[in-house]
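Engineer: Residues per chain are reported as follows:
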Amino acid sequence: MKSKFGEYGGQYVPETLMEALIEIEQAYLKYKDDSDFISELKELYEEVANRPSRLYFAKRMTEELGGGKIYLKREDLNHTGSHKINNVLGQMLLAKKMGKTKIICETGAGQHGVATATIAAMFKMDCHVFMGKEDVERQGLNVFRMELLGAKVTAVDSGTGTLKDAVNEALRQWTRECDTTYYLMGSVVGPHPFPTIVRDFQKVIGEEVRWQLQEKEGKTPDVIIACVGGGSNGIGIFYDFIENKEVELIGAEAAGQGVDTNYHAATITKGSNGIFHGMKSKFLQDSYGKIMPVYSMSAGLDYPGIGPEHAYLAESGRAKYLPVTDAEAVEAFEYLSKTEGIIPAIESAHAIFLAMKIAPELDNDKVIVVNLSGRGDKDVYQVARYMGVDINEQ
Amino acid sequence: MKSKFGEYGGQYVPETLMEALIEIEQAYLKYKDDSDFISELKELYEEVANRPSRLYFAKRMTEELGGGKIYLKREDLNHTGSHKINNVLGQMLLAKKMGKTKIICETGAGQHGVATATIAAMFKMDCHVFMGKEDVERQGLNVFRMELLGAKVTAVDSGTGTLKDAVNEALRQWTRECDTTYYLMGSVVGPHPFPTIVRDFQKVIGEEVRWQLQEKEGKTPDVIIACVGGGSNGIGIFYDFIENKEVELIGAEAAGQGVDTNYHAATITKGSNGIFHGMKSKFLQDSYGKIMPVYSMSAGLDYPGIGPEHAYLAESGRAKYLPVTDAEAVEAFEYLSKTEGIIPAIESAHAIFLAMKIAPELDNDKVIVVNLSGRGDKDVYQVARYMGVDINEQ
Amino acid sequence: MNNRIEEKFKELKMMNKKALITFITAGDPDLETSYQLVLEMFEQGADLVEIGIPFSDPVAEGPTIEKASMRALASGTTTDSIFELVTKLRTKTEKPLLLMLYINLVYKYGAEEFITKCQTTGVDGLIIPDLPYEEIQEVKAYAEAKNIYLINLIAPTTNEERLAKIVEGSKGFIYCVSSLGVTGVRSEITTDLENFYARIRKNTNLPLALGFGLSTKEQLKSIKGNWEAFIVGSKIVEVVAAYGKDSVEEVGKLVKNLKELE
Amino acid sequence: MNNRIEEKFKELKMMNKKALITFITAGDPDLETSYQLVLEMFEQGADLVEIGIPFSDPVAEGPTIEKASMRALASGTTTDSIFELVTKLRTKTEKPLLLMLYINLVYKYGAEEFITKCQTTGVDGLIIPDLPYEEIQEVKAYAEAKNIYLINLIAPTTNEERLAKIVEGSKGFIYCVSSLGVTGVRSEITTDLENFYARIRKNTNLPLALGFGLSTKEQLKSIKGNWEAFIVGSKIVEVVAAYGKDSVEEVGKLVKNLKELE
Ligand SMILES: Cc1ncc(COP(=O)(O)O)c(C=O)c1O
Ligand SMILES: Cc1ncc(COP(=O)(O)O)c(C=O)c1O
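Chains as they are written, first to last, in my numbering: chain A, 1 to 394; chain B, 1 to 394; chain C, 1 to 262; chain D, 1 to 262.
It is worth saying that the hints were derived from the structure and are not from the lab.
The structure displayed is predicted, hence computed values, not measured ones.
Misleading hints may appear alongside valid ones.
[Claimed, not checked] Restraint ranges, calculated between C-beta atoms of paired labels, are given here:
1. A:Glu137 x D:Glu249: 38 to 46 Å
2. B:Glu47 x A:Gly67: 16 to 24 Å
3. A:Gly99 x D:Pro63: 49 to 57 Å
[As the list claims (entries may be wrong)] Sample of chain D residues at the chain A side, in silico, Cβ under 8 Å:
4. Ile103
5. Pro129
6. Pro132
7. Glu135
8. Ile136
9. Ile154
10. Ala155
For glycine and all other residues, C-beta sits at the position ideal for the given N, C-alpha and C.
Here chain A stands alone, though its shape is the one from the complex (with noise of 0.2 Å):
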């Protein structure tokens, strides 16, 4: 398997990591042209994940904006309530496959935290989460539901208290008993062969695309947009239309308060070539290589880095990554919620708030998919706080 895409990629990590990521790559490479994994997992998706999920036309929303209509694709109904799932269960049968007996993964929002230990359950895994101590804050409901589903979650107060260091954490307990257990990594990120393995479980979504806007509109979508943490829905989706050339891919990356501020998680516009959590890529860093500190509301977003095939979209010019601030995204959280009854994840606002603005600019034939990649429960008493609401926290 390439571990590359063109110069981003690789496999840097210790030494004691080399065995465990190798063993990952020739598990998958016997399972994934297997025609027992391959029905399995169509089946995991179907009863489990509840695919396909929804390809959305957001009537409202277009009319309001005029200009191109907008689809959404509802990977917030999904079961666990985003598109972290596809990969889990995916991963969750390799990992099964290989007698793997414990998983460990780092999460970030709590959604890849929420899906693993959800099938972890189902597998009957021992399941241990990491997160950043910030983030356990900002996504206690998320922190409780792990539990109740048999998980240990552990906060990680280390460096930031972000997903960065959730990922530090988790490596370094890796390192520790990587002979039995199996790292769930939960984006296209990390050393070969996560990216590419993630990618293939979530490119089920643009393929998914694909017939449904066949079936909707007898045709491709002209615009592609999702937001990007470490990129695993925008790839998704993103995925199977990249030698359609004329589909034009745009990822929403996190400006937080600006991208000329020093509380962004802008990856793409921002960060530099860099090495780092397994990867070359893009990261944000300084003149030394030290990794910033980032900054996003959304706890998904709030990552210095990016997987290295959006690295590669971006230098090669095939993807196009624009910032959207923690104003923008709520503003396009409550637009949603308001116009279509839809409460976005934090995240997935991100990529709302770029249709809102791309939409007006197109002809009324053109079509704008929004990767919708998960739901917003799990952000509202944020948002209330960011708005100056006065809620009950019960």
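For this one, chain A is given, so just place chains B, C and D with the ligands on it according to the hints.
Structural biologist: This is chains B, C and D with the ligands only, laid out in the frame that chain A set:
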């Protein structure tokens, strides 16, 4: 239209409201067999509610418990997270056809309020939700969801500050503005025609179960279990099978701290015939007819009455209603989370508990279908508190 | 067998006078005060008195009467204790007494037994706000048998067809609801009352009593339509709420003032 | 062009001695102390010294060295200031100095420029824990050109095939990781070290240095296998953490004690 089920049902409301009820009944009679209405509703069911909801084989639960096969009807995967949306879509469409521009409703757990606020946003209707003060406190997440969706939420502090008082206040408000406002009743309760209309908009659940189970098992269910607050998810899954006398229908009532304490809401088990909230049915009341304060940790089941059709099914022996305590519901809540990776609404957990009891007593070729009426995200804080877990409450 | 309500309206008609109907919630703040209040209201000119039986969930009531219900329940008032109150009142007065109550209190008591009790204690009529024409069979036959008048309500929303049916079987008087909404003092009544009166009058010769939201002499004077009676509830209950056990004199003054109308 | 690492091991081999390799994080608590510490460690018997460049996210490190990194970053330590430290050290000592750092620090600096700096300041080798054999081309050519040794690591999990490849191109010594997991003092090492040594020795004649979790003289004595060197890191960093600017003497004592091993 028949206004009663046996002796139960009717229209016991202030004269001021009679005209509004008649108007609704007439509109419903006009539209219910109208092919445009039917096809619009079907599209809303599919595109908005995400129907059909999955019929999920609970493999691990079945294996662990031994005995009958357990299927879960996954209303938790509907948009907004419960069965409530089915009814809301139907009535909202009806209200729109009637030319109404404002909706009021009551809510217990907040699920009906959220569903109503959601669809009101889509239909651009004003929405005013009445919710008991105590429920506002235990379901703060849902309160803010409704507000985000643009609804006005009034906390009702009269009486016991729970669902019954929310209904009282919504009825009072309706009396003030019944000429312009549609009261979107959230369960199969209240005066005729609500119990019939709500049931008709929920019966899709049972209809889907019929063909889904036919596909999966080539048979009809042997036992169907649902929790009953007002009874809408219950009647929704029962209705299509009422004439199949061999199908056992079981409702799970909230027994709170136990039916022998003063803290429960087990209407059928402990109630008596009465007339309240516009209907003749069974209620928890004292010997003079004063409605008793009820209790359940589950806000959605914390109601002193039950829909008249259930009273009739109970009286005639066609369905059976069993009490389930808070402690038992929490046990089921945890069990399902850990076993199947599904966190159920605490309401639905009451039904799950009965399945856990009943399954081991059945032969392997028997099938139990449990209505998983909603998802449990809204309940995790409360269950955590119940379990004495110290969680970060943000 | 005569009914005091009918007698009273006949008498007033002959004198060309309007009736004043007043309301209190029994047991607010206690039954002894209620006893005094009823007698005082009659003394000061009330022609008929409505005694409200407190209910846990009075959905036709605004906050004033709802809170009175809660106070009355808290003081231990029950349906039976109210029948005792009526019995006691009947030792002092022969004026028309009506009970205002929710249908569940009748139903749960047993409609037949309840009506019998009304007869034996001396109740002349019942106002059951949540018992519309469509459900009247719950009590109708029993009430007729014992000559207890079931007072029917007409609202501004009641259409012609139902209006005709409702008044057809009515006795005593018709309770005409002035406005949409629940009970409670209103600063303004927006219904076209002249037309409302005419609409009902076309269908019946029974006295028409206007209620809901009435409170001051001035307001009563300005009301259009030849209403044979006015019903004042929440305004009186407000005074009871304010003065509690010491409200008898104040309520008396209020009733006297209202009565000066004519 | 000789390399001090190779020279040192030749010298020790002739004397039939084991090497003691010690580690500190540069800039913890400040660079002046680091300067003193390196000299004192050599003084008390360290044969080679590893200088860690602090990194924001040291994923191969346990809490001890991770915290040292944070302290060093907080004191303003940068890669360039560490090259200055090396320059300064080279005015006092000719013993082998290695830098321990994460690949991003090299990559972002520019690998070629970084290696050139190593050469001009007097660094003899690099230990890059997140640069496995598969990615070694990031620095290999530059390092070879300037005769800076890239010290490769072997872990208990490394399989035979990769082991052979890794040692093949290695120079100086092989860093043999005693256990799964990150750096940090361990009370017990469960790896079969005798077998681990033998496995590696079959493939190479280079000195084999055992590291990760080593802390006391007693522990070093009890270790199976003919390891040519021991690497002690976290234990020393613990002392630095405890004594800060006053740690030089204490660290000296510790190193002296460890050195008495032979
Ligand atoms: C709903 C949602 N969307 C997006 C993301 C960002 O991850 P990715 O970029 O891998 O899709 C997350 C991460 O937690 C998430 O929860
Ligand atoms: C998830 C869920 N299930 C069940 C109920 C009970 O209502 P019903 O008995 O009408 O289905 C509620 C009410 O809020 C609910 O939210």
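Engineer: Range hint 49 to 57 Å: satisfied by the CB atoms of Gly99 (chain A) and Pro63 (chain D)?
Structural biologist: violated (31 Å)
Engineer: Is the hinted range of 16 to 24 Å satisfied by the C-beta distance from Glu47 (chain B) to Gly67 (chain A)?
Structural biologist: Given about 21 Å between the Cβ atoms, the range holds.
Engineer: Is the interface hint for Ile103 (chain D) satisfied, with its Cβ closer than 8 Å to some Cβ of chain A?
Structural biologist: Since chain A brings a Cβ to about 5 Å from Ile103 (chain D), closer than 8 Å, the hint holds.
Engineer: Hint validation: Ile154 (chain D) versus chain A, beta carbon distance must be below 8 Å. Holds or violated?
Structural biologist: holds (6 Å)
Engineer: Close enough to count: is the Cβ of Ala155 (chain D) nearer than 8 Å to one in chain A?
Structural biologist: Check passed: Cβ of Ala155 (chain D) comes within 4 Å of chain A, closer than 8 Å.
Engineer: The hint says 38 to 46 Å between Glu137 (chain A) and Glu249 (chain D); measuring C-beta to C-beta, is that right?
Structural biologist: holds (43 Å)
Engineer: Using Cβ atoms only, decide whether Pro132 (chain D) comes closer than 8 Å to chain A, and label the hint accordingly.
Structural biologist: holds (5 Å)
Engineer: Against chain A, run the beta carbon of Ile136 (chain D) and see if the smallest gap drops under 8 Å.
Structural biologist: Since the shortest Cβ distance to chain A is 11 Å, the answer is violated.
Engineer: Does Glu135 (chain D) pass the interface check with chain A, least Cβ-Cβ distance below 8 Å?
Structural biologist: holds (5 Å)
Engineer: Using the nearest Cβ pair, does Pro129 (chain D) come within less than 8 Å of chain A?
Structural biologist: holds (5 Å)
Violation of the numbered hints given earlier is confined to hints 3 and 8; the remaining hints are satisfied by the structure.
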